[in-house]
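Chains as they are written, first to last, in full-length UniProt numbering: chain A, 1 to 426; chain B, 1 to 254; chain C, 1 to 652.
Bear in mind the hints are in silico, worked out from the structure with no lab data behind them.
Do not take every clue at face value.
Claimed, not checked - Taking lysine to any residue pairs in the SDA-like style, the calculated list, with each CA pair at most 20 Å apart, reads:
#1 B:K253 <-> A:A292
#2 B:K198 <-> A:E235
#3 C:K222 <-> B:G137
#4 C:K222 <-> B:A60
#5 B:K253 <-> A:A417
#6 B:K253 <-> B:G137
#7 C:K354 <-> A:A417
The structure presented is a predicted model; accordingly, all values stated were derived computationally and were not measured.
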Amino acid sequence: MSAPRRLRRDPRGEKAATAVTGGRRPRFDLGAEARGAAATGPSGRPRRDPRGEADRQRIPGGARLRMDRAHRGGASGPGQVVAEASAPAQRLRTIAAPAFLVGAVIETSAGRPTPHARQVLGAARLLADGHPELGEGAVVAFTVADAGDLGPVGADRVLPLGDLITGDYDPEGLAAVLATAAETLGLRHLVFAETADGGDLARRVAARLGEGLFAGAESLTATTVTRAARARRTERRAAPPRLLTLAADAVAPHAGPLHEARSLAAADAGLGHAPEVTRGIRAARRIAADPAAVSLAEAEFVVSAGNGISDFAAFRDLVAALGATPGASRVVCDAGLMPRSAQVGASGTVLDAACYFALGIAGAPQHLQGVAGCEHVVAVNTDLHAAMIERAGLAIVADAQAVMPALLAALAAEQAAAGRDREAAE
Amino acid sequence: MKVLVLLSAGRHPASGRAGPVPVELAAVRLGASLGGADLAGLHAGPDADAVADALGHGLARLHLQPLAPDADPLGALEAAVRRLAPDLVLAGNRGQGGEDAGLLPYALAARLGRPIVADAVALASDGDGLVAEQALGRGARRRVELALPAVVTVHPSAPPPLPFAFGRRRSGTIERLPAFAADAPAPAAPFEERPYRKRPKLIAKAAAGASAADRLKAATEAASGGGRVLVAPDPAEAAAEILAHLRAIGVLKR
Amino acid sequence: MTPAPTLALLVLILAALAVAQALRRARLWRRGRPAHVDWLAGLKALPRRYLHDVHDVVARDPYAARMHAIAAGGLITASVLGVFGLVPALGHSPVYGALLALAFAAALAGGVMVGRRRSPVKPARLSGGRFRLVPPALTAYAGGGLLVGIAILAGPGFAALGWLGVALAAAGAAVLVYLLGDGPMRHVFAGALHLAAHPRSDRFEGGRETALHPVDLAAPQKLGAETPADFAWNRLLGFDACIQCGRCEVACPAFAAGQPLNPKKLIQDLVGSLAPGGAPYAGSPYPNARPVAGVGGPELPIVGLGAMVHPDTIWSCTTCRACVEECPMMIEHVDAIVDLRRFQTMELGAVPEKAVQPLLDLRQAEEPGGRALAARGDFAAGLALPKIQDRPAEARPAEVLLWLGEGAYDLRYGRTLRALVRLLGAAQVDFAVLGAEERDCGDLARRLGDEATFQDLARANIATLSRHRFGRILTADPHALHVIRNEYPAFGGHLEVVHHSSFLDELVAGGRLAVGDLGAALPGAVTYHDPCYLGRYNGETEAPRRLLDRLGLERREMARSGKRSMCCGGGGGAPVADIEGERRIPDLRMGQASETGAAIVAVACPTCTAMLEGVTGARPEVRDIAELLLAAVEAAPPAAAPARQRQPEPVA
């Protein structure tokens, strides 16, 4: 016998269960039900607990009631949203006989496509799927280094080009190969990332093919692509041309079904051997960025000290341990504790960093102007009402001077643990 | 070494007034940094009004290749470069006035049969060649050795332009090159132009597949701050939270 | 031969040598550029300029005033009397002897007073070196003359005493002549000639000629001053007039903040560049002086690491004119600094690193922040800001044109401007703004030496302003006020400009705004900080104080106020030059405000607001007088408020 699909509620019984004993008037604690075992409703779906959520959102300390609405009862850390998204098992979509091909040039980092490259694939997918009148298009991913499995990110075919170029930096050779492939495969579109190397490659290919390039697309649909023009004063819109480069964070990565990411042989693309190229680049050597020496304007991650910091040796150690670039507030620079070049703010450097970690900085308006462009702000300050706390995605109301040694200790402990793991692995 | 800097007619992003393009002025400075370089500017257009201020930024001479306002400058520039025969052609990585796509230096290099290297922030001559330091973003660099003659574009992270000096602007010279029979303008792909509208960037947190509510949350959070607040936590707990957060947003890599 | 005519001869020789020294020095001045000087008017005005303007400044130090009157008056009277010793009949007249003795006694007393200034301890602002020779030389000369006088008075039997006096006087006179040519006594003739040939003839007798002189950008000569010879000759004369009294260094905010500027040393470096190898400088140095080669000459550069003056020195100046205001010799330090900056900026492009972008944006966007001109009105956020272009052609001219200035882009200063706009509404003033047609006034460009950009902006603004019909220009920015009122006339713009402090005072005095008593709402006293460009540059120190007094607030004065106020550190492009010192000027000024015990510093300038608001720690609150007045208007009893328009203030 199967259980009934829906349980019947027993309102009387439920109410009785929450009755508060003692006292002459009947009293009921309606929160008790939610706190109790009934975390799932009769239908089996998780039930919301508004009171409990409110309790967990409440910020301890302080006379006023403050709620942290963004903090949904401890459930959602910023990283977990993405993890959840990729969890469900995916259907495989195979495009055996594509009506046309869309190329995507994939940049990799540590054996995986970069986030920007995934967006390029997303854009290519959009262009391949956006013309039902033409039929199904397939996406060909061009890779130089190993990019891992490109099926989940929307590639139907993968064409590795690493063997066709010389050395690990050969934009001239690569451009010739891609230009040839574009012709022989009859690519309808070829999408590049508007990065330093991707943008360079796209322009080389365009110059080789004698074609136009739609550079730095900021929005893309199958019929319309836009980009900034005339010193960002106008927006140019057109139908997507053959060659285009995609600005960062403009198009979402592919999130639909799996694609087969079948390897293509270079010979099938008319690339049996590398095309003849006269190379003017004789040698190239990559120099990694040294976060400590990078200019503030170029830095990706800035850790900054303000009035609440007195131990600058520890501050410098922390900056080095975090692999960040050091910054400082005006007061600290005025006092000569940090060089003037480290000053963040309207009168110092205006940052373009991905993350700004402010230690002991209250956040004067001029200072906040300097970090207006930072996507993430983390702040440690003793004053709950400081502007920097307001601005921060993660704010710690505490003495920054006390948090610094804790951070250093935590990083050191992690490093030691990582060291042990390595030894254990060997 | 003979260095020629391509100058395009730029516009100030706020005022829309005609003027030189900052990254091309940075190219002038890089050209001057080559020590003893014979440095001149080249502009193709109806007049030199927009680029003449470059003379105040360290350029002593400016060649004007007269050209109809709407003509494709590629042929004219190719002819001018062939006439002036510089060892090195410098350009900004994005010129203005045309497509603003940064394609022209590549097309010019292809026509001239010269190698091109993009996004230089430093230059040094090296025997018969050139060493260019390329900006790869976020402070990373690549040192590229290339043969001359060549075309090199300059990145905005290069040292800023030399300050404007009115006296030098006043004493600089503008030389007109012989008129060039321009190609008919290339049949441009049809496009539409509208006032610029800033588009919201994708937020990494609310990646594909996230619900609409999560995307909304991510978007409003980024705009207003208003994230999590921990009041008076234990320092060790605070440190753990901070490190976890920094890892989640991807800036802490170790 | 008796002592009396010998003394007379001595005086004549002294006078002749003085003239010779002056002529020798004048040959140096003539290496400068020509200048138009109205000698007749200048010489005619000399006594008045000396007795009125110079004395007013000298009298701020009563001891120095008495000392100078007695020493100089006694010396000149006694020397003139001494010449009469040539008249044989007087050589034995007891009356003459008594007069002579009296005059020399006065000079002697003066000489002693000069000596006592540096004894037992020399104050830091005064120079040592050859200045230490002045008291003995003066006392020897005067004492000798006194002996001669006594000898004449005492009769023929005392000739020996007379001869002793002559010998003593001769020794003193020799030293004085030496000090005339290259030493402190040069100020006697250089100062007098400087007063007569002063490059700003309208600054005397109550005039405030403070506008910078324009540069002829089309002239073939170099722009600004590179070498001493690039200064006009009467400027070089002015540098020579310096008596190194050090009043300028006491007044200089950059000096106080430990930045490498000392106006006195700068003037002496200019003198030393013109005539290398002169008397060594023995005053206080530039604070935290940057090393330079110290090589100079009439045709050699003044500024540079291999020259006399480090660039940081000229970029430290806030152009506050405190040094000029304090200078008893009427030297124009700020003009000299701006001339030096003009060469650095326009010929070399050697501006401080952080000033490059603002100057470029001024050139290309007509706004130092590179912001859109149309965004200048964004601060109003819902308040009506009528544009002058929208007025119907047949309407009568706007009562005032509100010039918003650069402060309109600043979040903090937007509050002040909103208060001002609401006050204009409350008083039903018919006002309008220029909207996107308002360019920067050009103050920053001009002070940083970029005269070319300034002139472009000035001409464009004048053309715009001449197209519209309005009564007066109203502005809350003293820098814009000064530039438009005093510097645009040279380019054909003759406009009446009123500062909001004066205008609001008029409104309240005329009954157009009813004010309540703020005493209860704002406990604690208020102190008013004079903006340099309003007080010193334009002499407007009373209206803001009158206005504050109407609000029922207790007003206290800082030790330095009015025309002798201290700068906030925000003028002359100093914030963008950002020359490192030991302290910050606004911190010093805020310290002076705190000393009064006031709870509020009243300000009347966007730059002062920004600089003083940048001071951290416990301090008085910074409020613009417009904000205070608005609070008072809102505190007024409703019945008394005539026809007030309540405009909701949106939350910023």
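_Need the status of pair B:K198, A:E235: alpha-carbon distance at most 20 Å?_
With a Cα-Cα distance of about 9 Å, the restraint between B:K198 and A:E235 holds, given a limit of 20 Å.
*Does B:K253 pair with B:G137 here, judged by a C-alpha cut-off of 20 Å?*
Holds, at about 17 Å.
*Hey, C:K354 versus A:A417, does the alpha-carbon distance stay inside 20 Å?*
This hinted pair is violated, its Cα atoms lying about 46 Å apart.
*For the pair supplied as a hint, B:K253 and A:A417, confirm whether the alpha-carbon distance does not exceed 20 Å.*
Answer holds: B:K253 to A:A417 is near 16 Å, not above 20 Å.
_Restraint status (C-alpha distance of B:K253 to A:A292 at most 20 Å)_ = At roughly 15 Å apart (the allowed maximum being 20 Å), A:A292 and B:K253 satisfy the hint.
*asked:* Holds or violated: C:K222 and B:A60, Cα atoms, limit 20 Å.
replied: Given pair C:K222, B:A60 holds - Cα atoms ~17 Å apart, limit 20 Å.
*Taking only the CA atoms, is the gap from C:K222 to B:G137 under or equal to 20 Å?*
42 Å, violated
Violated hints for the displayed structure, listed by number in ascending order: 3 and 7.
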